[in-house]
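Peer 1: Chains as they are written, first to last, in the numbering used here: chain A, 7 to 352; chain B, 7 to 352.
Misleading hints may appear alongside valid ones.
Chain copies aren't distinguished; within one or between two, either way the pair holds.
[To be verified] Computed list of lysine-lysine pairs in BS3-like fashion (alpha-carbon distance at most 25 angstroms, straight line):
1) K129 to K256
2) K310 to K194
3) K33 to K256
4) K29 to K159
5) K310 to K268
6) K33 to K159
7) K159 to K310
FYI, nobody ran anything at the bench for these hints, they're computed from the structure.
Residues per chain are reported as follows:
Protein chains: 2
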Amino acid sequence: MFENDSLTTLDSLGEFGLIDRIKGSVKIYNQETITGIGDDGAVVDSGSLQTIISTDMLVEGVHFDMQYTPLKHLGYKAVVVNLSDIAAMNATPKQITVSLAISSKYTLEAIEELYTGINAACKNYQVDLVGGDTTTAPAGLTISITAIGYAPKEDIIYRNTAVINDLICVTGDLGAAYAGLMILDREKRIFMENNKVQPELEGYDYVLEKQLKPEPRLDILRALKEAGIKPTSMIDISDGLSSELIHLCKSSGTGCRIMTDKLPIAQETLNVADELSLPHFTLALNGGEDYELLFTVSQTDYNKLMKVSDLSVIGFITEATSGYQLVDSENNIAPLTAQGWSSFSK
Amino acid sequence: MFENDSLTTLDSLGEFGLIDRIKGSVKIYNQETITGIGDDGAVVDSGSLQTIISTDMLVEGVHFDMQYTPLKHLGYKAVVVNLSDIAAMNATPKQITVSLAISSKYTLEAIEELYTGINAACKNYQVDLVGGDTTTAPAGLTISITAIGYAPKEDIIYRNTAVINDLICVTGDLGAAYAGLMILDREKRIFMENNKVQPELEGYDYVLEKQLKPEPRLDILRALKEAGIKPTSMIDISDGLSSELIHLCKSSGTGCRIMTDKLPIAQETLNVADELSLPHFTLALNGGEDYELLFTVSQTDYNKLMKVSDLSVIGFITEATSGYQLVDSENNIAPLTAQGWSSFSK
């Protein structure tokens with residue numbers, strides 16, 4: 007894929023040559039960013055706010071498959087998963103650093119495509135790329151991103167502060183990113199068997215976009231603020247709803263009760279589930295990579311909550327002794343178990 | 007090496023199990039660290055200071071060789087190289103995040119040993135480990151660390167502010183880390199040929215320690231402050247003196263003139279150079295990984311400078327048109343060229 011003679015090897019360019027190229031493509035959006043790439047460290051002025059730091063690592067063959075991940079999308083997503091973590095603290099992301107370990111199969115053009123995606127995410131969310139490290143690797147591509155955000159102390163929302171009877175809310179819909187991954191995986195398998203067959207991706211736009219180009223829900227944070235609501239606890243959904251919900255409840259020392267018929271699932275996701283004979287709720291509960299926000303709100307905020315669009319109330323917080331319960335439309339109760347993606351057991 | 011039955015696979019522990027273990031071993035040293043591991047992001051209160059962010063990535067087979075790098079030392083060094091970047095901005099490091107991509111050949115015990123080193127560095131330098139990410143990898147070990155430091159705005163020292171006639175100084179001595187690496191490499195080659203031969207490392211303590219367990223020169227920053235000196239520009243020596251010096255001069259728009267007989271080289275390093283038939287100045291100029299500080303000081307501070315121990319004046323800053331010059335004891339002038347480690351051309 008990258009073995010075209012007109013492409014530039016990273017070898018011929020050297021690390022500093024590559025850094026210069028990257029630096030040349032970077033714009034600064036925040037006046038708090040005093041200096042970015044080019045010194046031993048970046049300097050930011052955080053004034054009287056608190057600083058939030060979050061970091062995520064993406065490894066080729068574990069978190070992404072180069073056979074169906076366009077590099078531009080990969081760069082975009084690598085940034086977004088970090089911004090989503092900052093959003094889940096109710097803070098505003100302002101800077102990122104990007105470190106890459108790159109094997110020799112990648113050319114300069116490939117890395118530039120990756121940075122096109124990184125820079126697009128930075129522009130969309132007005133985040134400054136302020137530093138990083140680039141190094142060679144014996145194999146594959148590893149991307150490590152650290153995001154820095156800021157918030158007034160009183161705005162920060164932790165995951166360990168949910169209170170009994172709080173309403174449990176999620177933004178957007180669930181399971182679409184996983185449905186998208188299943189479609190990409192199916193088409194890859196078909197292609198591996200017969201490489202003359204073109205991938206059949208038409209009609210799957212919604213689930214593919216959720217998988218390849220997720221967005222952090224900073225819009226919902228603004229909407230909640232405008233509605234005068236401060237969630238009591240919050241986490242982002244990277245590993246699947248059930249896993250994240252159990253995290254939040256464990257941290258808060260509570261239980262929860264979720265109504266399956268309140269789980270928001272897009273029609274496009276249901277179609278994929280039916281096509282692949284997957285149970286609907288498996289996708290919604292364990293899918294992962296939706297990067298939606300899961301948060302709790304005091305019941306007294308219920309009326310205000312109804313004015314905020316693109317979110318669903320899916321249950322409520324209970325005492326710890328009740329455990330984690332899943333209730334269906336016929337009032338059958340089942341235990342909710344975490345079956346999120348464990349990167350070690352895959 | 008790690009295939010003992012009594013050891014714990016990361017698979018059996020899972021990512022969250024591993025994070026819990028890591029979290030349990032971490033101590034917090036700074037009151038500015040509001041929350042560390044366990045939420046979407048860490049929260050720090052930086053009050054009225056400026057924040058410095060630096061990041062470095064270490065890849066197995068590129069930056070370290072598991073055949074002669076004890077994991078404890080690797081963890082220690084991975085932290086130190088980042089603290090050194092913060093020191094080079096004249097700032098105080100306070101927090102780090104640690105991300106690991108780990109292949110299945112590593113056991114829990116191996117990762118715990120790595121964290122023993124990470125935690126030892128944190129304790130020595132009173133730095134808080136506040137977050138990170140752990141993931142599986144198809145092969146090898148990749149460590150990505152981000153360090154956060156703080157300084158009053160007026161204290162921060164950049165690399166682009168050297169002025170003509172400034173004195174050029176380095177801390178400690180040069181080339182020892184590279185000499186240590188050469189010894190480890192030699193013993194590895196002998197061992198590969200005949201694995202009954204025990205490595206011959208006695209008498210090489212100094213150069214081995216500089217290679218395996220470098221220290222950031224935060225002590226010199228304190229000494230300079232006490233002496234009433236603020237360097238005009240500063241950078242840390244990770245890639246070798248000549249490479250870093252050319253960086254600093256290019257950024258500052260200056261040239262430089264270095265006296266070879268002023269270069270500080272330890273006797274132990276000279277011994278290794280003689281033993282391996284390496285030219286002395288090659289080690290000092292291009293060795294890399296010393297993590298000493300290279301900085302410039304106004305000539306008016308010369309008398310104050312003489313009171314600070316463990317540093318050497320090695321030359322002075324010239325106008326850009328003079329280029330980068332190396333002058334030997336007989337006044338022969340040669341051009342200084344960057345032959346630092348380029349991770350892409352190895």
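Peer 1: Against each hint, give a clear statement of whether it holds in the structure.
Peer 2: How the hints compare with the structure:
1. For the homomeric pair K129 and K256, neither the shortest alpha-carbon distance inside one copy (36 angstroms) nor that between copies (29 angstroms) is at most 25 angstroms.
2. In this assembly of identical chains, K310 and K194 lie within 25 angstroms of each other by CA distance neither inside one copy nor across copies; the values are 46 angstroms within and 68 angstroms between.
3. Taking the shortest alpha-carbon separations for K33 and K256, only the inter-copy value of 22 angstroms comes in at or below 25 angstroms, while the best intra-copy value is 41 angstroms.
4. When the C-alpha separation of K29 and K159 is checked against a cutoff of 25 angstroms, the pair qualifies only between copies, where the shortest distance is 24 angstroms, while the shortest distance within a copy is 33 angstroms.
5. In this homomeric assembly, K310 and K268 come within 25 angstroms of each other (Cα to Cα) only inside a single copy, at 19 angstroms, whereas the closest approach across copies is 72 angstroms.
6. In this assembly of identical chains, K33 and K159 lie within 25 angstroms of each other by CA distance solely across copies; the values are 23 angstroms between and 28 angstroms within a copy.
7. Taking identical chains as interchangeable, the C-alpha atoms of K159 and K310 lie at most 25 angstroms apart only when both belong to the same chain, with a minimum of 23 angstroms there against 43 angstroms between chains.
Figure legend: structure checked against the earlier numbered hints; hints not met, in rising order: 1, 2.
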